[in-house]
Every structure is written in structure tokens, then in C-alpha cells.
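The lines below spell out each chain.
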Amino acid sequence: MTETTDAPKDILANIAQCVQTGKADANMNIPMGSKGQPGVAEWVDQAIAKDVPPQTILAEGLMAGLQVIGKKFAANEVFIPEVLIAARAMHAGMNKLKPLFAEQDMPSRGTFVMGTVQGDLHDIGKNLVCMLLEGAGWRIIDVGVDCAPEKLVAAIKEHPDCAVGLSALLTTTMVAMGKAVSAIRESFPDKTVIVGGAPVTEEFAKEIGASGYAPDPSAAIDLLDRLQPAA
Amino acid sequence: MAVRHYTNLTIDRSEDLIFGRAPHPVTCGHDLTIGAGTVYPEINFTLPPMEVTESTMPAVLDQYQKIIDGVCQRAVDLQVPGLVVEFELLPPMTIEPAWGESIVALLRRALDGYHDKHGLKIALRATPTDVRDGERPVRRRSGRYWEAMRDSFRRCVSAGADMLSIESTGGKEASDDALLQCDLQTMLVALGVLGARDMAFLWDEIGEACKGTQCLSAGDTACGFANTAMVLADRKMIPKVFAAVVRTLSTVRTLVAHEHGAVGPTKDCAYEGPYIKAITGVPISLEGKSAACAHLSSIGNIAAATADLWSNESVQNVRLLGGDAPVVSLEQLAYDCRLMNIAAADGADAARMLRDWLVRSDAALDPQAYVLTPDNVIRVARAIVEADGAFARSRETIAVTLDILREGATDGPLHLNDREKHWLDMLQMQLEMIPTDEEAAIKAACLGTKPDLVPGAYEIDDDKL
Ligand code: B12
Chain A
1 MTETTDAPKD ILANIAQCVQ TGKADANMNI PMGSKGQPGV AEWVDQAIAK
51 DVPPQTILAE GLMAGLQVIG KKFAANEVFI PEVLIAARAM HAGMNKLKPL
101 FAEQDMPSRG TFVMGTVQGD LHDIGKNLVC MLLEGAGWRI IDVGVDCAPE
151 KLVAAIKEHP DCAVGLSALL TTTMVAMGKA VSAIRESFPD KTVIVGGAPV
201 TEEFAKEIGA SGYAPDPSAA IDLLDRLQPA A
Chain B
232 MAVRHYTNLT IDRSEDLIFG RAPHPVTCGH DLTIGAGTVY PEINFTLPPM
282 EVTESTMPAV LDQYQKIIDG VCQRAVDLQV PGLVVEFELL PPMTIEPAWG
332 ESIVALLRRA LDGYHDKHGL KIALRATPTD VRDGERPVRR RSGRYWEAMR
382 DSFRRCVSAG ADMLSIESTG GKEASDDALL QCDLQTMLVA LGVLGARDMA
432 FLWDEIGEAC KGTQCLSAGD TACGFANTAM VLADRKMIPK VFAAVVRTLS
482 TVRTLVAHEH GAVGPTKDCA YEGPYIKAIT GVPISLEGKS AACAHLSSIG
532 NIAAATADLW SNESVQNVRL LGGDAPVVSL EQLAYDCRLM NIAAADGADA
582 ARMLRDWLVR SDAALDPQAY VLTPDNVIRV ARAIVEADGA FARSRETIAV
632 TLDILREGAT DGPLHLNDRE KHWLDMLQMQ LEMIPTDEEA AIKAACLGTK
682 PDLVPGAYEI DDDKL
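Those protein sequence lines, which keep their order, are chains A and B. For reference, each letter of the first sequence is one residue, going 1 to 231 in my numbering. For reference, each letter of the second sequence is one residue, going 232 to 696 in my numbering.
Chain B extracted, bound-state conformation (with noise of 0.2 Å):
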């Protein structure tokens, strides 16, 4: 597959950094253009405590079926101008591809059916499950698991699904000791070496399996390690110094889907998604204020301010008082994007007050804020694309976010506490001590001590380690 090497930003001035649009929208499902003008609702939901097996799929079938009438009923009668259906798979979903399948069969029907009776603007993104570690030491690219995927991606798309999507965990190996760790090193080579790497393989075979179809190739998440930072960090466990920084540096390896084929829609806990729609012009789906039902964070406002989709993330569908919580969850999100698109309707001026609200309102108060400020999102996609290969990249990209920290701290807005302004000079002398040549970066991180990894799961040899 022909690889896109971006050199340049799509969108290089902070002012056109915005919610809505991107410079390269797409079209799918019934009539729906995302990146053109509007911020559709993104609703995800998944399953209230219950087992997903051969004897209870009937059961859990009849939760979906349920879920998707209610939110597409609500989406009608609150005339939303277009909506996105996210189905993420649960791990035995995939592993038995069939069960998802026939899930999305089911979404795909009532879809249709609602676009053909109320001429609702819709579109159905399938997120298999990466269940590539079930097997450990990880292979990656054979085994079960793996084939199971890849007849999962097929299966999804042939059902129905007009976007892919994966929360891919290629690094992971490494990566969950060096966020425990807070080590920089090795969460760089596990990301900018490790994770880029399996997205490459990844992507490629993703982009088969949507090649010729109505489905888009749309895009990847670094959730499995910048949002388990963020968590680690909304808990106290680590510097929320790191997972900024742990959020900047995925973007490397997200970025590589889209060098790969990719085209957006982003997937919606990918915060890294502002950076992208800057380097590469994709629409891009976010989360944030109304996706406290599934995960706390402190960027709820600022994670709008760039959205092209907004999303819940995910919601047990439990009863509440205002009806299931995947119809309530829809309904905020609805409103939400109403008052973008009325903003984005009185004028750019009008939409860029809105927008630095939201930003302004979040940025000073955390540092995974801060480093989504559109002037800070533009100085961090530059150093990317200025940079050569996904290593560099990275380093480039930690080197920044430290700089755009401690001028925040220090010169700007943004409050650090003593322990977080510690590491980040800990963080600092980190980096310093890394070095500049990809092998000894590798060989530096150790990564013969990772008990799960297999080096040729990422083009290493054994002698390189």
C-alpha cells in the first residue's frame, strides 16, 4: 500500500482549528457529510452486567436491538441533523466474529429503517476489539486471535459498518510498566518505535478490508496508553505532567493509520485527534463533557472546541430516571452540538468565540488541557511533521510538550503544583539522557526484560535488543 508521508500541516494557523471542519470531510452512510460544516452526535453504548456467549447472545442481541430503537427514536424527535452510531465490540464479540456480526447486522437494519421512515442523515462506525493480547508472549501478526481480527474487520464490514475503527495496543508490552514507571524512555520506544510499527502492518490490513466497500478506513486510538495515563493521572497515581506528555507523543503513532490509508473520522477517545485533523486534515471525533458516564477528565470543554463528531465514549444501558442511558447520553450530546452548529451558523467570529470559551475555560487548570490549546495543538503537529520518521518524531514531540509545560507555568496560565512541576524537571532530565539514535533507544529500553513481548512482532531481531 502506498505509504503518505505528511511534511506539511493541513492546517497550520490556530484560528482555522476548529469544530466542524476539516479540510478533507468525508461522506458515508445515508447522506452524511462529516467535516463540512456540522458536529454530529457520535453515541456509543455497551452492555449492563452480563456474560457474551453462545447461550446469551439472543439475550444480548435484544439489548442492541433495544438501545438502537430508543436512540434512534430520541435522535428523531430532537431532529438531530445527522447522527453516528458507534458499535465497539466487546472482546468475545471478536474472538467469535460471527457474534459481532451479526450485532452489526442487527444496527445496520434498524439504521436503514429509520433513515427510509424519517429521512434521519446516519452512519454506523464498527470498533472490533484488538484481542491480539489474549495470547501471551503477543505475537501480533499470526496466531488465533489475529485471524480472528481480520475475519472481524471483514465480517463488520460486509454486515454493514460504514466506518473501522480499533483501539489498537501494538507497545503495550512495554508501555504498562513505563506509565506505572513514569519512564519516558521506554514509554517513547514503546510508542514512537513499538506502537508505530504494528499500526503500519495494522492499518495496511484494514485498509484491505475496506478497499472496494462503503466502508471508510477512518482511524485508531491511543487509548490503551495515553487514556490509561490520563486515568492514572485523574486518580493521583502519576504526574498529570505525564500524561500530557504521554498524550503528545501518541499522536506519532495514531498518525501513522492515516499515512496508511486512513480518512477519518478519528475514533473518539483519541485526544490526540487535534494534532491529526492539524497535520492531516481529517474529520475528527471527540469526547469530552458528556462522556462522564463512562471516564472523568479534565479537558470535558477544550476536547469540543476541535470536534467534527462528539461522542459519549460509553454508556451501560441501566435505566435512569429520564429513560436508558444510552437515549439520555444521546440527548446531551445532542444538545451539545446544537449550540456548536448555531455558533458555527451566526459566523466564524461567533464559532471562534464559542471555541476559545471551551478552551479557555479548561486550559489553565490541568496540563492534558493545556497541550490542546489551538495555538499549543499547532506548535506540536509542526514539530511532528518537521521531524523525519516516527522516532524522531517523538522525541521531538516530548522535547515541545516539556517546553510548552514550562512556559505555561512559568510565563502563562497554566497552574502546576510543586509535585508536578518536580517531574517535570524529572521528566526533562529524562529526555536529556535518551538518545538520539533509534537502535541504542531501543536497546536502552530494555525491552528483552518484557516477559510478553516478541521482538518480531516488531521487525526487531533478537541481537538488537
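Bound conformation, chain A alone (with noise of 0.2 Å):
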């Protein structure tokens, strides 16, 4: 396989299109009188008979696309449904290469391990955070909320490769949160491992030894790849 494909680069732009728009396929009626108009699946499928890579399908299509609406959602400029109608476009098209990964696992950025601290049931940053991580590429292993310590250290075992991130939304379990950072650190001293949630500061992170902070989820796509830069 060489670097650059003879796909026509339309058909790559077109599901970038589909993603940002969030049509899944073309029974799809979104946006509005495009029933019948290809979507995702229909543009990934054409992507595939002309032999396009899957890699370059998931980098350079789906990937692509959900990129640029993660970067509008930073700028205010979409609201969360409409991100999480281009993520529901992104997986219509990632079921249609996942066969053709059937070997290897899908390619993906790295692995990342993400849980609400232990007495905390607030997730709705938490799952903001995964969406958005998973659209840059990270597989993303939730491992929900009210996460005691040990089960944090049980999830990073079974993927010892992975980064971590917690979230915290109250007062009282920030402690929880440097609770759960300290036993992670005693199986695992370099663990990359970042914080975050409303009352949760650069200076906080700091003091309970996390590797760092970031305030929202485009925030934490650099963060992660400044702590643990693609391979």
C-alpha cells in the first residue's frame, strides 16, 4: 500500500460532508429533503469498491469530519445534538469498514481509560468528553460513574497501554478524585492520567499528582497529545 491512493478525493470529502451533517444514509432525511441523497454508509461503500484504503476511509473521511464539527462545538458555533447526530453518522460508517479491519483491531489512537470518581453520579461531561475523544480517534473504555479506585486500577490492567481521565463535579469528591489518582499511581507510577469537571483547576490537578488538566474535551485532545504524542 503506497502513501497517497488514486480515490477520488471527492468521495473522502463527501463523507466528511455526510458526517458533519450527520447523514447516516440515505434513508436519512437529515438535513431536511435529502431523503434518497447518499449518506455515510452509501459514500463509505463507494469508497471501498474504488479501493480506498480503510485507514485513509476512517482518517481522512469519517475522522475528518467528526474533527470539524468537534472544532465547531469548541467555537460555539453547534449544539451537542448536532454533534452527537455527526457521531451517529461517523458509526455508520465505521460499521461498514469494521469487517474489513476483521484482522487487526480498528486502528486507533491509543486506548482511553475514563470514569467518574467514586461517590460522583454526574457523567454527562464524562460522556462529552469520550464522544469527543472517540472522534480523534482514542478508543474509549467508560467506565461509568461512582468509579471506586480499585476498579479504575482494574480497568488500566486490563489496557496497560492506555491514558486515563477522571471527572468530578462536587466539593466533597475532589477528594475522591485524588484518592483514586494516588492508588493509581502506586501499580502504575507514569501513568498518563488527566482531570476534569466543573470545580476541577490546573492547580488541583497539580496537588493530587495528575498529569494534567483540561477545562473541555477539544482542550483534552491537546492535552493528551502534548502528554502522550501519537506513536
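Since the hints were derived computationally from the structure, they do not count as laboratory data. Here the structure is a predicted model, which means the values were calculated and not measured. Beta carbons: idealized from backbone N, C-alpha and C, even for Gly. Keep in mind that the hints are not guaranteed to be accurate.
[Unchecked claim] Calculated cross-link-like contacts (lysine-lysine; reagent style BS3-like; alpha-carbon spacing at most 27 Å):
#	chain 1	residue 1	chain 2	residue 2
1	A	K50	A	K98
2	A	K9	A	K71
3	A	K206	A	K179
4	A	K157	A	K179
5	B	K652	A	K71
6	B	K674	B	K695
7	A	K71	B	K695
8	A	K206	A	K157
9	A	K72	B	K520
10	B	K467	B	K352
11	B	K352	A	K35
12	A	K72	A	K151
13	A	K206	A	K191
14	A	K72	A	K50
15	A	K9	A	K50
16	A	K98	A	K157
17	B	K467	A	K72
18	A	K35	B	K674
[Said to hold, decoys possible] Chain B stretches covered by chain A per the calculated footprint, using a threshold of three residues with CB under 8 Å from any CB of chain A:
#	stretch
19	279-287
20	417-424
21	465-474
Got two chains here, each in a separate frame; can you build the complex from them with the hints?
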């Protein structure tokens, strides 16, 4: 396989465009009046038929589309529901690609283990971070809310190369965040552990020995690129 | 328990919907009558970053003692006409009901002391946490978390609370995703079916805990739904028009508390309070500009227009230049209330002038404020009482709210940008696709795909999903 392909660039551009508008397939009437026109699924089929490498379809079509949406979201140009339908459209394309990656796993930027700390049930922020990191190519292992340190450590043992994210929304569970970081450090002293959530600050992150803090998902993507550069 | 059905408005003219006055005032605590003409501050506070465990409980109690002494002393110094203190339990204090109880008892002793020594009119509201989703799927009506909550209600009452409230979360298993997806149909089912059914169950229990005691069964809030929407909208994550619709929609489920015996004052973060006041006549607590310590909002003034208690929502006990944050916060509330009370003392016209300024300063700038103008409150409240049953009421509420917003944006003063206008159209289209039949709407909401939802907890048979 060579670096460049002879695939028509416009198929990839169409895939990216359909991801952005959330048009998963021809059946879908989003944007209004587009029913019957090809969506992500159909364009991905065409790309496969033209022998575009699945890696390229994933990176330059699907993920490229979601990244545009992620940036627009960071700039307050689109709302979450628009990000969500874009993510769903991306998944429609990924489902087409999955069989082609049968031998190895789907290629990914790395594995990210994410949870809300013990005693805390807030998960809207956590879920958003997961979704947009997935769009940036990370494989997400979401360990849920109210995560005891042992649960986090167990998940890391299963995915030893992962980076870790912790979320806390209550001043009273910030303490649990500190404990979670300590527990992780005991078994994995050099693990990349990033933290976030409304009451959490850069300073607090340093104090509890986390590797870094990010205020929102797009900052988290950049932070991870710095802390754990792509291989 | 006898269920009360509201088929008429208690306040049916917008002129009569005003701060400090509710048709059905309540008296509690030490000589405090709420809704009879005076607006009182309601102060709320929370811990600085610290753990709540068996071993930290002495330090926790110490924090609350310092807070309450500071707050009461400031109230005396500022000669407030009366004061409500709210203690919102944190999850561990509800899960271990004895911990919450010991804090209620501490606050009670302090309040009694300030009443005895200074004649301060004062009352204590306790708000246990809805901890039922600590276990998932969420059983709601059984299990150790529910048992802990019931125990907590009773212990708060016996330790001396004058009012019992809760921020209940029935229906949240379906609403969290629906909020992020701006999915009106599922939101309607989450609030108007699941939420309403859970409220009936829960408020019968709270009524039982208060029966024959000094403690009022006070009121609930759709905080976990409508304030979540408000925060998401303020962060530009979902459209404001959607948050405005979720707000009015949440009235129907919060009203169920009053159908099941709650007499007010409603909980401070319930911005659905004005609709509840128009329908039931109970006094309401609200928060706005002086709750900026807790969260941003675009309804800081208009919220005060109809308030009977005026709250700061919550503030962490940290040190500021002016003193500890709860004390500073009380001072702000005290001055807000002074202004409202002096306007009221000058007569109905003066009071209405201040009310109208509070309303007009916010109403045009945000759809969440616009739905709270007294005229719009009466219009929404009327649509609710004219429909029958929580499901039909919810559907009507959405319809009338969308009308209000569209009219406000086309012929009225409401500013909506193009993205918001686009979403107003999207919501209208969504509404038209929602079945008018409750069972069909439940089916259409795909509740079977919600991993944390136990249908039986909401009296729904599995085959109806
Ligand atoms: C929604 C909400 C709830 C919902 C949660 C629904 C859910 N499924 O998550 C419900 C109603 C269940 C709830 C319950 C409670 N809540 Co609450 N809740 C909120 C609210 C209004 C918004 C939180 C939210 O979702 N924001 C939107 C998301 C998108 O933002 P975010 O979480 O900050 O996440 C963003 C960033 O922080 C970042 N991020 C988040 N996590 C991470 C992680 C990493 C690694 C990175 C890099 C970034 C990152 O990215 C996200 C996207 O930009 C806040 C108010 C506030 N100002 O935050 C109160 C708030 C957090 N809650 C509060 C309280 C007190 C409670 C309760 C105790 C209330 C009670 N008495 O019952 C319970 C506690 C339950 C528990 N055990 O956790 C208080 C906390 C006060 C304190 N002492 O700390 C707050 C601040 C409200 C207040 N002003 O008083 N709550």
C-alpha cells in the first residue's frame, strides 16, 4: 500500500461532509429534503468499491468530518445534538469498515479509560469528553460513574497502554479524585492521568499528582497529544 | 392519601402574581409566615472541598456550626424581618441518615438559640438527597438507597426540620440522553409520565413523614432536568429555546407534589415555581442574581418578580474579604429583600412597578426569561389546568410554550438568533410527531433502550415498552 491513493478525493470529502450534517444513510431525511441522496454509509461503500484503503476512509473521511464538528462545538458554532448526530453518522461508516479490519483491531490513536470518581454520579461532562475523544481516534473504555479506585486500577490492568481520564463535579468528591490518582500511581507510577470537571483546576490537578487538567473536550484532545504523542 | 386536582388557577390575573404574596401563606418554625406580604431571605451553603465520612464528621459538624453562627449573627445585625435556613444534605449524609440528622439537630439548636436571644423569626428547611440512582438499574421504590431516604426524611423531621423538600430525579434514566439530543418526545415521557408517576409515589411518602409533626411537606424541584438544561444552554451546548420548553414542561411533574399534599414553599432552584404559584397559590422560593455564587443564569432579575423567599442556591464555605462566603451571601439576599419589601410597603402600584422592572430587564434577552413574564406564566399555567392528566398537560405545555416563543420572536420583544429560530422550528416539528395517546408515546420513546430504567418502578409493564 502506498501513501497516496488514486481514490477520488471527492468521495472522501463527501463522507466528511455527510458526517458533519449527520446524514448517516440515504434513508435519512437530515438535512431536510435529502432523503434518497447518498449518506455516509453509501459513500463509504463507494470508497470501498474504489479500493480506497479503509485506514484512509477512516482518517480522511469519517474522522476528518467529526473533527470539524468537534472544532465547531469548541467555538460554540454547533450544539451537542448536532455533534451527536454527526457521531452517529460516523458510526454508520465505521460499521461498514469494521469487517475490513477483521485481522487486526480497528486502528486507533490509543486507548482511553475514563470514569467519574467514587461518590459522584455526574456523567454528562464525562460522556461528552468520551464522545469527542472517540472522534479524535481514541478507543474509549468508559468505566461509568461512582468508580472506586480498585475499579479504575482493574480497567488499567486490562489496557496497560491506556491513558486515563477522571471526572468530578462535587467539591466533596474532589477528595475521591485525589485518592483515585494515588491508587493509580501506586501500580502505574508513570501513567498519563488527566482530570476535569467543573470544580477542578490546573492547580488542583498538580496538587493531587495528576498529569494534567483540561477544561473541555477539545483541550483534552490537545493535552493528550502533548502528554502521550501519537506513535 | 387524598389527591387534589387543580382544574382552575388560584391566581388568574397576571397583576396578582407578585413577590411576597401568595393566596395560601404557610407558617412554620419560630413565628415565620411565608407568602403573607414579606419576602424573606433563604440561605443555603455547602462544604468546602472535604470528604464526608465517619472520621471527618466532627470536622463537618464544626463547619456547619461556624456557618450557622456567622449567618444568624449577620441576620440579626442586618435586622432581617425573618430568615429561612436551608440544609441540603450531601449524598453521604442521606445514605447514612444519622449523619444528616446530627447536622439538622445542630442547626436546630443554633436557630432556637438566635430566636430565644434575639427574637429572630426563623425556620429550617431540610432537603435530603435523592440517592436512589446510587444503584443501577434504578429501582426507585425499593432497595437500600430508598430505605435510607425514607429513614432520612423521618430523622430530619424528628431532629427539628420545619420544612421538608427534595430535588427528586424520577425519570432521569430517560431524560439525560434526551436533553443532550434535544429529543422532545423522550423528554415529555421522562417528565410527564415517569417523573409525574414517581412524584406521586414520593410525595405520599414525604407527606407521611410530616404528618402530625411541626414539619411542612414543602415542595420539589425539577432541578435535575430543567436546571441541567439551563446550565447546558448557558454553556451553549443546547439551544435556549429547548431549555425554555423543558422548564415549562417540568411544571407538570413538580405540580404533582402539591396534588399530593405539599403546601410550599417550593424549593429555591425550581424556576417552575411561578407557574406552581399561579395554579396552587402556595408560596414559592426562588433564586437569581444573588445565586451567581452557585451558577450562572439569564433569569437573575425576573426570578425575583414572584418570589416569596429569595435564595442564593448554595455557596461553599470559603473565606472572602467580606467574611465567610455564606455570611456574605446572606448580606446580599438581605438587601435584595429590603428593596422588595419597601416597594410593597408603598402599596400595590409601587410593588408592581418594581416587579415590572425586574421582569422587563430580563424578559427580551433570553427565551428562558421570556416564558417567566407574569402574562406568560398565567398563559402556561392555564393551559396546564385546562388539560386532564399529566401526559395531556405536558403536551399542552409544550404547545403553548412554542407558541409563546414564536409570537415573542416574531411580533414581540424576544431576541432569538438564527440558530435558536431554527431549533424552534425543529421543536415544533418534533411536537407534531408526538402521539396524542399516552401509551403510544411511551412506546415511541423507546424506553427499553435505557439501561438504567426499571419500567416497574414507574408502573409500566414490560410489554408496554
Ligand atoms: C446536571 C447536574 C446534576 C444532575 C447530573 C446528571 C448527570 N447524569 O450527570 C443531577 C440532578 C443528577 C445532579 C445531582 C446532584 N448534584 Co449536581 N449538578 C448538575 C449541574 C447543574 C450541571 C453539571 C453538568 O452536567 N454540566 C454540563 C457538563 C457538560 O459540564 P461539566 O460536567 O463541567 O463537563 C465539562 C468540563 O468540566 C469537562 N470535563 C468534565 N469531566 C472531565 C474529565 C476530564 C478528564 C476532562 C479532561 C474534562 C472534563 O468537559 C465537559 C464538557 O465541556 C451542576 C452545576 C454546575 N455549575 O456544574 C450541578 C452541581 C455539580 N451539583 C451539585 C450538587 C450539590 C448535586 C447533588 C448533591 C444535589 C442534591 N442535593 O441532590 C447531587 C449529587 C449526586 C451525586 N452523588 O453525584 C452542586 C455541587 C456543589 C458542591 N458541593 O460541589 C452543583 C455545582 C450545583 C450547585 N451550584 O449547587 N446534579
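Restraint status (C-alpha distance of K157 (chain A) to K179 (chain A) at most 27 Å): Since the Cα atoms of K157 (chain A) and K179 (chain A) sit roughly 18 Å apart, the hinted pair holds (cutoff 27 Å).
Proximity test - 8 Å, beta-carbon atoms, the stretch 417-424 of chain B to chain A, at least three hits: With 0 residues close enough to chain A, the hint is violated.
27 Å limit on alpha-carbon distance, applied to hinted pair K467 (chain B) and K352 (chain B): violated, 42 Å
27 Å Cα cutoff - pair K72 (chain A), K50 (chain A): violated, 31 Å
Restraint check for K35 (chain A) with K674 (chain B), where alpha carbons must lie at most 27 Å apart: holds, 25 Å
Pairwise hint evaluation, K71 (chain A) against K652 (chain B), where the allowed Cα distance is 27 Å at most: At roughly 23 Å apart (the allowed maximum being 27 Å), K71 (chain A) and K652 (chain B) satisfy the hint.
Hinted pair K9 (chain A) and K50 (chain A), Cα distance within 27 Å: holds, 11 Å
Coverage of the stretch 465-474 of chain B by chain A (three or more Cβ within 8 Å): n = 4 at 8 Å, threshold three: holds.
Holds or violated: K72 (chain A) to K520 (chain B), with C-alpha atoms at most 27 Å apart: violated, 31 Å
K9 (chain A) paired with K71 (chain A) [C-alpha distance capped at 27 Å]: This hinted pair holds, its Cα atoms lying about 22 Å apart.
Distance restraint between K72 (chain A) and K151 (chain A), which requires alpha-carbon spacing of 27 Å or less: It is violated: about 35 Å lies between the C-alpha atoms, which goes past 27 Å.
Given hint K98 (chain A) paired with K50 (chain A) - CA-CA distance at most 27 Å: holds, 17 Å
Checked against the numbered hints given earlier, the structure breaks hints 7, 9, 10, 11, 12, 14 and 20 and satisfies all the rest.
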